[in-house]
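Position chain C against the provided structure of chain V, taking the given hints into account.
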Amino acid sequence: MANQDQQQPLVEIRNLSFSHGSRKIFDGVDIDIHAGGVTAIMGPSGTGKTTLLRLIGGQLRPQTGTILVDGEDVTRIRRGRLYQLRKRMGMLFQNGALLTDMSVFDNVAYPLREHTRLPESMVRDLVLMKLEAVGLRGARDLLPSQLSGGMARRVALARAIALDPMMILYDEPFTGQDPISMGVLVRLIRLLNDSIGLTSIVVSHDIAETAAIADYIYLLSGGKVVAQGTSAELERSDSAWAQQFLQGLADGPVPFHYPARDYAEDLLTPSSVAAAARG
Amino acid sequence: MDWLQALGRRGLGVFERLGRASVLLFNIIGGLHTLVPRPALVTYQVFSVGVLSLVIIVVSGLFVGMVLGLQGYNTLVDFGAEESLGVVVALSLVRELGPVVTALLFAGRAGSALTAEIGLMKATEQLSAMEMMAVDPVRRVLAPRFLAGFVSMPLLAAIFSAVGVTGGYFVGVGLLGVDEGAYWSQMQDRVDLYDDIMNGVVKSLVFGAVATWIAVFEGYDAVPTSEGVSRATTRTVVQTALAVLALDFILTALMFGEY
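In order, the protein sequence lines correspond to chains V and C. Sequential numbering from 1 applies to the first sequence in our numbering. Sequential numbering from 1001 applies to the second sequence in our numbering.
Bound conformation, chain V alone:
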């Protein structure tokens, strides 16, 4: 995007630090999410990508830093305001997180029934429109247990857009999908973003799929942003870390080996000797 720096971002994260117990997950992270685009947050497993979405949604509070969402700081906001703000955000959980005791139709109708007083006939029309958008109008009477993983995610997507939010947070949307449902999801995320004017944040480690739809990419590792840019910029990046991640190299700045003492020394030490040495 050429106008990255000109407009006020929809989500502005500044100097974010978050620790879980003694483990530091984020250490001074700055991220801007621009309205109308698809922004990808990528990084290896365990870098706290999902935690970042929960922080943006206000489900977790960071130790330091600010997270402005549409001008409101979700780290300090009061609960009532936060719930108002959440009505304008949708979140797609990794496994869909559909309510298992109700049908596909009722799941999509759920936010409408909870937050609006629309007559049932209008709820029905809206639900069918959302289900049509994800191609599952015919599955409205199924229960979540009867859906495949990809279908469950599409229903969850229909539910996430039920209230016409300004922004959708996708948590690992491509994990564990077959090539067809992967393709469907990739297309849906881009299509929905452009057709109803959403802002999308996609957390993922599937490089090819994410790079295909993302306008801007942040690479996270070790609690910091290690590289950022469009996918073309990242490919040309001289960051060794970015190159290792994008090309899927086994060894590099992220070592193949878990830290251990010297291999030869380890092998030549009999376990009884080691035990005696310790004890």
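Derived from the structure by calculation, the hints contain no laboratory data. Just to be clear, a hint being listed does not mean it is correct.
To be verified - Each pair of labels, with its calculated beta carbon distance range:
hint, chain 1, residue 1, chain 2, residue 2, range
1, C, V1036, V, G248, 53 to 61 Å
2, V, Q146, C, L1193, 51 to 59 Å
3, V, D73, C, G1019, 47 to 55 Å
4, V, R78, C, V1014, 25 to 33 Å
Please read these numbers as outputs of a predicted model, since none were measured by experiment. Beta carbons: idealized from backbone N, C-alpha and C, even for Gly.
Chain C only, in chain V's frame:
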């Protein structure tokens, strides 16, 4: 000194959980008013924790009453007082066995189900998803279940006692030949509405609140894994049983203690 440290850590853990449970109870009670415009949420839960527990309550009540009839008769007949069998059966049931055994059965039948359901909703991120849809799971999921347990328990205990009295009648009058008129009239005469029945109702209200509180807290606080949910379910049953029996002693001392 390690054991002292461990003891301290355990003690702190217990108080921390108690604190979290109290905050949750406070939030649940604070959210009860949101159920007023949506009574269907509560009636559905009354069905699932109350009506679906009826079979076990009725069958257990019948057998407990029949055993009371047998045991009571065997003791009373030595003193030629078998006519008082109705009183013995009724008082044992409405004062003690009705509320207590109902609460124990409730913990096993409904409490464990509540914990497992809420724990699994947490493990499958359904509670998180609700939060992100700006729906408070404490109000939407926990509050109706808590209210339903609180309302169902005294009703279940009353049904348990009524069926138990009938079971005692079958054994005492039908099998052992106690006079039918004496069975019922002595019961009417000696069972007091306030001292006996209302005290039993108060007990089962307290048990209902505590049993459901433990069940929803354990589910909501469960570690969101299959092992965590299974541990939470076990804890619900064990802790409810202990809490009910301990509270029963305290309430009995307060209600019937002569000092």
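Outcome of the hint check:
1. V1036(C) / G248(V): 53 to 61 Å: Between V1036(C) and G248(V), where Cβ atoms are some 57 Å apart, the hint holds.
2. Q146(V) / L1193(C): 51 to 59 Å: holds (53 Å)
3. D73(V) / G1019(C): 47 to 55 Å: Check failed, 28 Å falls outside 47 to 55 Å.
4. R78(V) / V1014(C): 25 to 33 Å: holds (32 Å)
Going through the hint list in order, the structure does not satisfy hint 3, though it satisfies all others.
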